[in-house]
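Colleague: Could you put together the complete structure from these sequences and hints?
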Amino acid sequence: MSKTYAEGGILAAVCHGPAAFVGAKDKNGNFLVSGKRINSFTNAEEKATPHYQDMPFLLESKLIEQGAIFESSGLREPHLAVDERVITGQNPESIELVTGAIHALLSR
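So for the sequence shown, the working numbering puts the first residue at 13; every next one is plus one.
A portion of the hints provided could be inaccurate.
What the hints assert, rightly or not - Think about it this way: if two alpha-carbon atoms lie no more than 25 Å apart in a straight line, the pair counts; the simulated SDA-like pairs of lysine to any residue are:
hint : residue 1 : residue 2
1    : Lys59     : Glu83
2    : Lys59     : Ile107
3    : Lys74     : Leu109
4    : Lys39     : Met67
5    : Lys74     : Glu96
6    : Lys74     : Ile22
7    : Lys37     : Ala113
8    : Lys15     : Glu77
9    : Lys39     : Leu109
10   : Lys39     : Asn55
11   : Lys37     : Met13
12   : Lys37     : Val94
13   : Lys15     : Ile76
14   : Lys37     : Gly47
15   : Lys37     : Asn55
16   : Lys15     : Ile114
17   : Lys15     : Thr111
What the hints assert, rightly or not - Simulated DEER-style distance windows between Cβ atoms:
hint : residue 1 : residue 2 : range
18   : His115    : Gln65     : 33 to 39 Å
19   : Glu83     : Lys59     : 15 to 21 Å
20   : Lys39     : Asp66     : 23 to 29 Å
21   : Lys39     : His63     : 36 to 42 Å
22   : Glu89     : Gly41     : 34 to 40 Å
23   : Lys15     : Leu87     : 16 to 22 Å
FYI, nobody ran anything at the bench for these hints, they're computed from the structure.
It should be emphasised that the depicted structure is a prediction, and the values quoted were computed from it without experimental measurement.
We put the beta carbon where it would ideally sit given N, CA and C, even for glycine.
Modeller: Here's what the structure looks like:
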């Protein structure tokens with residue numbers, strides 16, 4: 013992932029997919045999400061599920077801990093965050109927004 017981003021690639025993830033960003037670093041050794049507008053399944057959405065305690069960490073909290081500028085909408089509402097070549101969607105309801113953003117970026 014870090015190599016893809018460093019080489020100009022697009023990173024995109026939806027719902028719990030941004031967990032792949034956790035711990036990823038840029039070429040300077042900084043967390044890849046640091047200073048970037050990011051979203052994912054939110055802490056509130058996690059806590060609304062029956063087994064959230066089984067998760068090793070709350071993704072929203074972990075992304076914020078690593079410097080992400082976390083943004084979101086309400087429970088199960090679609091939300092898109094685009095920061096240069098990093099595209100994230102809050103939940104499955106965000107799929108169309110994410111694919112549209114990827115298409116727009118690839119069409120430039």
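Colleague: It remains to establish, for every hint, whether it holds in the given structure.
Modeller: Status of the hints after comparison with the structure:
no. : hint                       : result
1   : Lys59 x Glu83              : holds (17 Å)
2   : Lys59 x Ile107             : holds (21 Å)
3   : Lys74 x Leu109             : holds (24 Å)
4   : Lys39 x Met67              : violated (29 Å)
5   : Lys74 x Glu96              : holds (21 Å)
6   : Lys74 x Ile22              : holds (22 Å)
7   : Lys37 x Ala113             : holds (23 Å)
8   : Lys15 x Glu77              : holds (22 Å)
9   : Lys39 x Leu109             : violated (29 Å)
10  : Lys39 x Asn55              : violated (29 Å)
11  : Lys37 x Met13              : holds (9 Å)
12  : Lys37 x Val94              : holds (18 Å)
13  : Lys15 x Ile76              : holds (22 Å)
14  : Lys37 x Gly47              : holds (12 Å)
15  : Lys37 x Asn55              : holds (23 Å)
16  : Lys15 x Ile114             : holds (19 Å)
17  : Lys15 x Thr111             : holds (22 Å)
18  : His115 x Gln65: 33 to 39 Å : holds (38 Å)
19  : Glu83 x Lys59: 15 to 21 Å  : holds (18 Å)
20  : Lys39 x Asp66: 23 to 29 Å  : violated (35 Å)
21  : Lys39 x His63: 36 to 42 Å  : holds (37 Å)
22  : Glu89 x Gly41: 34 to 40 Å  : holds (35 Å)
23  : Lys15 x Leu87: 16 to 22 Å  : violated (35 Å)
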